[in-house]
Amino acid sequence: MTAQDADAGDETVDIAEGIDHQVAMVMDLNKCIGCQTCTVACKSLWTEGGGRDYMYWNNVETKPGKGYPRDWEESGGGWKSDEHGERQPGQIPDQEDYGEAWEFNHEEIMYDGSDQPLRPDGDPEWGPNWDEDQGAGEYPNSYYFYLPRICNHCTHPSCVEACPRKAIYKREEDGIVLIDQERCRGYRYCVEGCPYKKVYYNATQKTSEKCIFCYPRIEGEGPEGETFAPACAEDCPPQLRLVGFLDDEEGPIHKLVEEYEVALPLHPEYRTQPNVYYIPPFAPPQHSEDGETVDVDRIPRTYLEELFGEGVHDALDTIERERDKVDRGGSSELLDMLTDTNPARKYRLEVFD
Amino acid sequence: MSENREPGNDSETRAGRSRERRSVAVGAIAIASLIVVTTALAPMLVSARPANQIPVESVSVDDEPQDPTSDAWDTVPAVDIPLASAPSGVPNASDTTTETVSVQSARSDERFYLRLSWSDETADSNATDPRAFVDAIAVQVPKNTSARPPIAMGNTENPVNLWYWSADGETEELLAGGPGTTTEFEQAAVNTSASHDNGRWTVVMSRDIESDATNRTSLAVDRDVDVAFAVWNGSNMERSGQKSVSEWYHFPLGSGPQGPPYEAILWTIAGLAITGVALVTIHAVRNTRGETR
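Heads up: the sequence lines are chains A and B, in that order. Number 89 in numbering that gives the first Met the number 0 belongs to position 90 of the first sequence; there are no gaps in the numbering. Number 207 in numbering that gives the first Met the number 0 belongs to position 208 of the second sequence; there are no gaps in the numbering.
Check each hint, because a few of them may be wrong.
To be verified - No farther apart than 30 angstroms at their CA atoms in a straight line, the calculated lysine-lysine pairs in the DSSO-like style are these: (1) A:Lys79 x A:Lys324; (2) A:Lys30 x A:Lys42; (3) A:Lys65 x B:Lys142; (4) A:Lys79 x A:Lys65; (5) A:Lys42 x B:Lys142; (6) A:Lys42 x A:Lys165.
Claimed, not checked - Here are some chain B residues pointing at chain A (derived, C-beta under 7 angstroms): (7) Ser124; (8) Pro129; (9) Gly177; (10) Gly179; (11) Gly240.
Treat the hints as calculated values from the structure; they're not laboratory data. These numbers come from a predicted model, not from an experiment. Just so it is clear, CB atoms sit at the ideal spot from N, CA and C, and this is done for glycine as well.
For reference, chain A alone in the conformation it holds in the complex (with noise of 0.2 angstroms):
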């Protein structure tokens, strides 16, 4: 039974058309450490060497910053409007915003007995991450929050429209959105569309290439035959990911997202409907130059309305109303759901098979 048809009749989930079910990511942002352990489990997975090097299928910024690709927010993208007909015309990312995959002096020092600090060859002038726990604000007002990204798997992925070879595609097992590397002729016009700047060109390969949420971990094609989650969620020290299908309504994605409506898409502007979504960071309140404690947001719920949306205002303030219930002696099916511990219930593997 498809997805459609278990909600026939019964307005729920919508998942692109011709898709029997979609892969989904929660990540909660009030966990986020910035240890970039998802970063390193990616990148030796999937993203060493042969032309990989400057890419980071996921990474992990600082907000507010500059992002990578460096101000990739304004790189264009994504739809005109709802209808999904006309898409936002959109820029390929210059190397220097990237950042090149620096070379260090570790032969001089770990071999030569040179007494030089560690540093990259060259000159560099910027990089992922160049901008790390910068954010804004003054003291004692200042904020920053991280930000772990990788693809979005978008319900309506602009990238997939921009192909004229529908050399990228959205699989109909689960939504997973992939590059067929023998059709891609690297024309790059999925990596000037993608909104999140998350598809990149291999100049090695001559092809483009992007997160694949770790197909062969989920299908079950590792070493033993056993079936995981996308390394970046399993490796997560703090595991601040859930990893499942959106339409699974027994899975907590399905409960956080669709009904208590507190997990968020980045940027819903850009209408590509992601399907990685975001529990809004939570920081203490702003001090007084005397050190009291005052009644203001140390985040400004602008921001974060810039990035999530409007819904952030009501995911916030449901997230708070459900604390108090607990802070009050309470029970709360959506604490409960942030605060599990369990793989089992956080990443719904069994809906893999």
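Following the hints, position chain B against chain A.
Only chain B this time, still in chain A's reference frame:
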């Protein structure tokens, strides 16, 4: 003219006759001029060969026609082919920069050669930056040379072969049955060599005339073979459907009489025939009028 005027009975008929005479004389002068013009201009017109034809000269392999700078090409006539932006749905499809490609064609006993030359100030020969695209040129011939396919890369009933050279040194031989369908042959049978001098690319492509491979065009045919061209300027980020393209041209590979002499004779005969018919008609009309008067 007035001295030829015949005496008449009254002034009215005299004036009428005079008008007739004058018009016949004007007609005769016009025809005479036409003959002169035809005789003078026809050879010039026909020496410009039939529309959209690319003559195929003979060349010896010993003269190294595969070398873009070889003297072998000095005696091969070049056809300047105008290019225009291809109609395409890709972004910026109408923003193309190459306006002309100069094409020469020759054949040895075994191989078919094309020398393609076009203006491009920057040699974009590597795409190591995400925003960098390479210069490229493609030649399109129908898989089945007896029918002309749609110019935008053929269709499924009538696919095309593409010989694609890109400035990073890659040569591909592709099969296409419409836009977005190019599929690479496992082994390219096309050789390419290129040079970039004084702001011009010159690329020589060659291929065996014979082909019995599935889906590969045979040039061992006794007919005109359609051909079209596409050029991409890498520094203008041209790729895919953002390209300058020609209309259909053809190689006269049929065994019939070819070239200027044959054409000149035809044109002369046609010209004389038209003039003769006109003269006879006018003469007859004039006689008829004379009789009735």
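**Study point:** Contradicted hints - numbers only
**Key:** Numbers 1, 3, 5, 7 and 9, in rising order.
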